[in-house]
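There are 2 protein chains.
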Amino acid sequence: MATDRFQSRRNRLVRKLRKTNADVMLVTYEPNVTYLTGFSGDSSYLLLAKDLAVMVSDSRYTTQIQEECPGLEARIRKTAETILDTALKLARKQKIKKLAVEADTLAVSLWQRLGEQIPLQPTSGLVEELRMVKDADEIAEIRRAIDQAERGFGFLQAGLQDTMTELNVAHDLEHAMRRFGAEKAAFEIIAAVGDRAALPHARPGRRPVSSAEFLLIDWGAHSLGGYKSDLTRMLVTGKILPKLKKLYEVVLKAQEAGIAAIGPGVASRDVDRAARSVIERAGYGKQFGHGLGHGFGLEIHEHPRLSPVTKTRLSPGMVITIEPGIYLPGWGGIRIEDDVLVTRDGCEVLTSLPKQFADSVLR
Amino acid sequence: MATDRFQSRRNRLVRKLRKTNADVMLVTYEPNVTYLTGFSGDSSYLLLAKDLAVMVSDSRYTTQIQEECPGLEARIRKTAETILDTALKLARKQKIKKLAVEADTLAVSLWQRLGEQIPLQPTSGLVEELRMVKDADEIAEIRRAIDQAERGFGFLQAGLQDTMTELNVAHDLEHAMRRFGAEKAAFEIIAAVGDRAALPHARPGRRPVSSAEFLLIDWGAHSLGGYKSDLTRMLVTGKILPKLKKLYEVVLKAQEAGIAAIGPGVASRDVDRAARSVIERAGYGKQFGHGLGHGFGLEIHEHPRLSPVTKTRLSPGMVITIEPGIYLPGWGGIRIEDDVLVTRDGCEVLTSLPKQFADSVLR
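Sequences listed follow chains B and C, in order. Counting from 9, one number per residue, gives the positions in the first sequence under my numbering. Counting from 9, one number per residue, gives the positions in the second sequence under my numbering.
Any given hint could turn out to be false.
One copy or two, either will do: identical chains are not told apart, so a pair holds if it fits within one copy or between any two.
Unchecked claim - With a Cα cut of at most 25 Å, we get these calculated DMTMM-like pairs of lysine to aspartate or glutamate:
1) 105 to 59
2) 251 to 76
3) 192 to 143
4) 319 to 221
5) 86 to 310
Hints in this document: simulated from the structure, not taken from any laboratory.
One chain only, chain B, in its complex shape:
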């Protein structure tokens, strides 16, 4: 991996920093440190200014920082010192007026300790805004995570048995994605049989696949490069329920309408609207209780969010999920989810698993 891409991300952040009252920023939020440096460990902060980029870490990570962040200056804290002490010392040497910190994730006690020593400028979402628009390396890594998820799903499907429980399905699917190079699952896999699928965040349990006619699987891979994918598919494992088929077609139409609405400059709530109105017209508006989708990348939930109230406009390079659903408590739920890249002239659906109702039916 080239290092200049991290340099160029840091340069963009430094330019954003100018619009705040601070001249130096202490980046403490782990995914943001990773985004700006390529470092995949934890417990490490990045001190950043116009002509300054120093990683503050501890001796466990000396080698890993050298390997993952060639060319980046690192300051390893002494054992008796906290990472905050070391960062403070460095910051003071810069004779700074104000130190920008990440208020949405920095803990109060660290904020108070820092604030006793140096004037602080709380900031919100500076790095997250950069992360909304993916660069070419990130998109390639997301494609990798999607490939791992899709191949893993194919392998799971090929070996699926009635006697398997939701937990078996979730665990086998993670193991299958790893066969194809994933580091792990992108999040706790949802494998929900029958009425459990009515819970958008069901935890897998001991229920066997055979205990209902269908199951919902919501999964994704976390690539070795740290990027994620996020998909949902239904599997029909028993007799074909007419109600299931009917609802499935509504959700699929809604999803297609949502995807068709995606393009640069489009308001994310209009994409939500395009999909939601299909479900509303079918009479299930109240049974679709969550937003249509969300950005993802180093984290599984990133900006932009797609919901009736969000205000973001889509830009080329954003990667989002489109995942409408209908949930009937006590009966079950249906959700179909794909990953979409916003392009200069519309969008590209990055996921490619078939999703017609007939494709869900297992022989």
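Following the hints, position chain C against chain B.
Just chain C now, with coordinates in the frame of chain B:
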């Protein structure tokens, strides 16, 4: 699971709260919410006072809270409201003077928004101090996580092949623990071949087992009940290096000395000393760069810490790791780790995998 155990934990916290200036506490840190309620989801806060215990959550979790926290009052936020708004409304109804918050984990931006509405009292470690001493249910759950880890390791060992990479080993081990009921690995498993074992936090990579004479595996299970285990064993996969055997015996002696020193009322740094002095006498003091061990439970690192500088004294019910190591950069590292319960008259080693040098040698 009985619910009264959560009630009794909450009662203990309320008694501790009396010593602060606050009359109500907002518990926001996820493992602490789990400890006090049994709830295993996220994005949920607990508002707690003498005659008040209300879970504040969102509609995804309505059913799960009913299932996991029978009898606990829940307030589900409206879609247009944030969880903080809902918690604030509730808090205000209590006509409180000061609201205690968890300063070590609460984010600055939430702190500031709360502070505009209500006087706040930052607190540190109130719930964590309770969590240091495990109750009978927690110890039973930790025993379960240890059993899953040990059986998984046995299964891995039985199928280990020279061509497997560090990643294969780590992934197969997690999958094996799940066979025996684990939800997942307790943390990112370390499987480090040869000189990679010199990094106390090595990330598994594509190196095959056959590329060196030994590997280090540091792993644990996360039980369905949410508790963890944490072990380290060496496996000799090639010819027996005299240097390895010699260092191994030093580390094992150090570990046995550490375990022998454990008992109620003993200073945790004295346990560290007992083990560390064995390694120092052998001439490798500088090659043992981390603390001797740490508490664990719902999280993999909890108090007490065992190091030359920590001040905690051990009490019955604490569960700690004892994990001395010797690390020689460029050559390799040796670590042996077991889990130990402090009892009224000494300690009980909860882990039972054999650990003589001969036990490490694979046929």
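Indices of hints not satisfied (ascending)
Numbers 2, 4 - these are the hints that the structure violates, sorted from lowest upward.
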